[in-house]
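A.B. asks: Read off the chains here:
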Amino acid sequence: MEKTMKLTLRVWRQKNAETKGAFETYEVENVSEDSSFLEMLDILSEDLVEKGEEPVAFDHDCREGICGMCSMTINGIPHGPERATTACQLHMRHFYDGQTITIEPWRAKPFPVMKDLVVDRSPLDRIIQSGGFITARSGSAVDANAIPIRKQTADYAMDAAACIGCGACVAACPNASAMLFTSAKVSHMNSLPQGKPEKDRRTLAMVSTMDKEGFGGCTNVGECEAVCPKSISLDMIAQLNRDYAFAQVKNIFQPVA
Amino acid sequence: MNLDPKIPEGPLSEKWSNHKFKMKLVNPANRRKYHVIVVGSGLAGGAAAASLAEQGYNVSCFCYQDSPRRAHSIAAQGGINAAKNYQNDGDSIQRLFYDTVKGGDYRAREANVYRLAEVSSDIIDQCVANGVPFAREYGGLLANRSFGGAQVSRTFYARGQTGQQLLLGAYSALSRQIGLGKVKMYNRHEMLDVVKVDGHAKGIIVRSMVTGEISRHAGDCVVLATGGYGNVFFLSTNAQGCNVTAAYRAYRRGAGFANPCYTQIHPTCIPVHGDKQSKLTLMSESLRNDGRIWAPKDPAVAAKIRSGEIKPDDVAEEARDYYLERKYPSFGNLAPRDISSRAAKEACDEGRGVATTGLGVFLDFRDAIKRDGKKAIEERYGNLFDMYQCITGDNPYETPMMIFPAVHYTMGGLWVDYNLESTIPGLFVGGEANFSDHGANRLGASALMQGLSDGYFVLPYTVGNYLGEQGVASAGNVNAYHPAFDEVEDEVKARIDQLMSIKGDESPRSFHKRLGNIIWEYCGMARSKEGLEGAIKQVQEIREEFWNNLRVVGTTEGINPELERAGRVADFIEFGELMCRDALMREESCGGHFRVEHQTDDGEALRDDENFTFAGVWEYNGENVEPKLHKEPLIYENVKLATRSYK
Amino acid sequence: MHSLLNILNSTIGRKFLMALSGFILVLFVLGHMLGNLQIFLGPDVINAYAYKLHSMPAALLWSIRLFLLACIAVHIWAAVVLTIDNKKARPVIHGPKATVQASYSSRTMRMSGIILLAFILFHIAHYTVRNIPGKEYNEKIAKVALMKQGEPVYKNGHAVMTFNVNDMMVAGFRVWWVSLFYIIAVGLLCMHLTHGVSSMFQTIGLRNKDWKNRLDQLALVYGWVVFLGFAAIPAATLSGLIKPMNEGVKNAGAGLVPHSEVTFQKIQH
Ligand SMILES: Cc1cc2nc3c(=O)[nH]c(=O)nc-3n(C[C@H](O)[C@H](O)[C@H](O)COP(=O)(O)OP(=O)(O)OC[C@H]3O[C@@H](n4cnc5c(N)ncnc54)[C@H](O)[C@@H]3O)c2cc1C
Ligand code: HEM
Ligand code: HEM
Ligand code: SF4
Ligand code: F3S
Ligand code: FES
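Residue numbers (my numbering), protein chains in the order written: chain A, 8 to 264; chain B, 7 to 653; chain C, 79 to 347.
Treat the hints with care, as some may be off.
To be verified - Listed below are the simulated DSS-like cross-link pairs for lysine-lysine, each with C-alpha atoms no more than 25 Å apart in a straight line:
(1) LYS381/B / LYS58/A
(2) LYS219/A / LYS165/C
(3) LYS158/A / LYS381/B
(4) LYS130/C / LYS221/C
(5) LYS519/B / LYS13/A
Note that these hints are calculated values from the structure, not bench results. These figures come from a predicted structure and were not determined experimentally.
Generate coordinates for the entire structure from the input sequences, incorporating the hints supplied.
C.D. replies: Next up, the structure:
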């Protein structure tokens, strides 16, 4: 039969963006170790509703580690202790009976807390809107095999494109820098032949939006890579730095944006 | 209710091009005078919103997640079909068309399916142009795999994240338009109703999931692309937020709902572990290319495995029943989803099921690893194996995976004609939300195809055509101050207040679970007359209880997940009843719909083409009044109906 | 021009400046260390080295100095601006502090940097400007003969005199807290560089997974070399391995220098 456990949760409760938040402590019982972390929070929610209290609000949707919606810092680590795992894919067998778990929202200036564990990540969308695309109107495309792409290139682009836009990298970075997120998209599109024509303006535009949104600068600390559920690599940041340098230099002689 | 499918004249292969030629065009300068409302940012909604904005229309796009990029299309793993014939294995539009009609058990509309096959290859071109990193061969050309029982390799894929990459492609196109100001994006907004003015859909009422504010949005037409209703089963592979609300509210406003009972049960999902489970996880079907599905021949052996007395590997070859290979020699483990799922259920019903719950069968890679080596298998399925281990804690390289069918896709949906226009003029429906081109069963890798076909290549034309027909004079002539909006908005607010004011003591989730159990039990893989009749009663009782004993904590202002769930569950309950009615009405077995009364001697689905070659479309008739059934006869001019055999 | 400003205004642009200035400092520090280590070859050698340095055209000497100071200034400016932005971006830190893979040195670049700054200021006052209160080294009386292969160098009949850098350093490092400060400072420099030297390649985009490991090792080696190289001098002084000239160190030119033995001690107390 499945093993169950009893846990003490220190959860960040905050009514809305205006009010100040604080940690509340709760107990949850008979949590199956086969449950996911979010299912454990469901149990807490049901308990609270039972008592007529408001359940803990948190973002989640697919619950299979791909939509990037779930976002919580578990014992100080975004998405919790397991490497390359989202909170929704984190299973309770990685915790022990009687453990105390601290749960917080993403902490970063550009991600204001809206309620409990729910934050506003729209800055990430705006970074994409400023250049994270390849301009190709519907129906204007050439045959998919017209431009061969080296397998290595396609694989590299896929590695970068695997980013789910969860923002854990920002939460983990001591500077709240969005470099890993931004560099993943830039590396994905800049490396594909289809993305080359817009390469320079994309790079400059996305970086300037990133700065405008109030994210910090990267000091190559590397925590982002460690917590990234899709293991996006620091190589992407190096490529962004490289592409940015080229773009700026070109820009001096012939404006690219 | 007018069910004219508006199928264009001419031979099948020329219908779409003729139709496009005959369409009314809106001159580019006038397009900016129109405002299109798109609900949904998935493959269908996202692609449509982006394409319409590219054409010059002003678009408002809505989604309930915090970003359009998170629509549930993101979860699709396996791949997307297209009749490119890059593998030179005899694929063609004709064949994709035929396979899809046959796969749908001859319950889909020929003309739509053909168009789907026709534009399928443009979709791949479009996605590649948008930067979708499809898998490639060393030569630099696109790679393909055979998928979901197809005999040609026509499936394009991006690792195990095809849906994610396709959606991100559409999302980036959409983002570009948002940046350019052509699309106004409304994240964290839930659509709660449709507003009609003189019979035409002219707007929607939405609730901000952040402030709780109810707001109205007027446009020249409305496009719904709100996905499937699989969550009516509570447990499914859908995302937590997937709902029927948008579609069901439209149904209540007069849009016909077609074939609600057509639901797809996917054979390869991870078995349920306990009653606290919130969702089921799909393991990509591609696993069936190398994995062999079996259950112990002898229930006693199965019992021993369940209790952990013996390990799966201890079971001798001759004691194993590779039932798919036995029953369907030519397709074996690749038999279509509905068939594989039912076979698994039978095995478990005979007490031969494994997993703690007895609801599971084995998907075994032992022989594949022996044959191709661990390395090769790892390359093919590494990420899926990891995912399985992450969830179950078992290592599939050492012990066979356990799988069980789970609700995965809903073929039913709002009825639409050839232009994807519902029975409400000006209300278009795309993607999984419409009753789609998949008939009674969907083939693997064809929903992504349909979503993008609708979004990139169909809606942008047919919506323009509708606007053109309305004439420039009509552009923007309805604004949100129109009395029709007051009326609907008041109803929406009243409903929310009612939910809040019950103050009973059962949570929305608890009601949802109870509903799900009933639907799964009686309207799931096997359905029967008395079962369904009983289910309808039980659902009505739940509904009664719901409105008397629901507890919604919190307030209407601000973020309130309980209130959101309550609203969705309320609609699921009413909709569940409609599903059962539809299943009860359809006195035959076809595709995902299996009526135990209608099966061959060896337990195969038995269609009744005489009486049921039609789409069953339901018309809402008011609270507690039986809905009215209408029929769109399905005319097959190009394929002749045959019993679907995969033996 | 306008786009040059963009560079200064962007987080990445500033990191470039920081990496480039850092790189120049890295080179300087290495050269400086090698130069200083000559003290172990005897006072004459180090004094001759200092003489060479100072006898280069003032313009050149000063342009080098200014260039170095400019690098430090740019480096600090970038560091400060970056730090301010980053602090702004991260007002709240997570309750329980937890780190998965970031190295200690990477997380303490600012601390190590700021103390380095303090050190450099002190250090320049100490040895370049030479007026740490109570530690003024008097040019005139601190002269010794410039030696080449053990022979005094004569210019039109007169022995060439040079400033006695050897004794200055010894006198400086004989004060225990000065030495301690130096050793601590170069220890921090070592930390700063074990991250910095690899980090700067990442910043200019010349790093990937495989190179990271190699560069991290290089940085580690470099950091330790710099530490040992610099720390050796105060350490050796305290342990009496390095002595001022008058303490039995033979200086053939000593005779030519009136009471060169009273030089530093007099002034110190
Ligand atoms: C786990 C899984 C794996 C799959 N794998 C495959 C595969 O390999 N191949 C394949 O072809 N198909 C696959 N499918 C099916 C396919 O992914 C879906 O059918 C398809 O993506 C649906 O796209 P859509 O745009 O219609 O809806 P969705 O992508 O679900 O988008 C729905 C949109 O509507 C919005 N929305 C919904 N309700 C409301 C509301 N009330 N108010 C406002 N907005 C609302 C949502 O926010 C979302 O943006 C899979 C499905 C699942 C669940
Ligand atoms: C003078 C005071 C100094 C201060 C305030 C200072 C501060 C900093 C800071 C805050 C960083 C950023 C960390 C990072 O981005 O990785 C940094 C990086 C660096 N520093 Fe310093 N530092 C100082 C002196 C030095 C010296 C003397 C050297 C060399 C001998 C040096 C070499 C470097 C290098 C190589 C980097 C890495 C640049 C990069 O990561 O791109 N610094 N310094
Ligand atoms: C034991 C360690 C050190 C010793 C003995 C030493 C010695 C000296 C001496 C004698 C000078 C004066 C040069 C002259 O004016 O002729 C000097 C200058 C200088 N040192 Fe050091 N130094 C040491 C460590 C360092 C370190 C660690 C740094 C930097 C991080 C440093 C940076 C400088 C700078 C910037 C100058 C000024 C350059 C100039 O005047 O042209 N030194 N040092
Ligand atoms: S880079 Fe990783 S951590 Fe950052 S958003 Fe993307 S997936 Fe999340
Ligand atoms: S943690 Fe932060 S400092 Fe850079 S390397 Fe990652 S963004
Ligand atoms: S809920 Fe979708 S990634 Fe966690």
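A.B. asks: State for each hint whether it applies.
C.D. replies: Each hint, compared with the structure:
no.: 1; hint: LYS381/B / LYS58/A; verdict: 53 Å, violated
no.: 2; hint: LYS219/A / LYS165/C; verdict: 15 Å, holds
no.: 3; hint: LYS158/A / LYS381/B; verdict: 19 Å, holds
no.: 4; hint: LYS130/C / LYS221/C; verdict: 15 Å, holds
no.: 5; hint: LYS519/B / LYS13/A; verdict: 24 Å, holds
When the structure is compared with the earlier hints, a violation turns up for hint 1 alone.
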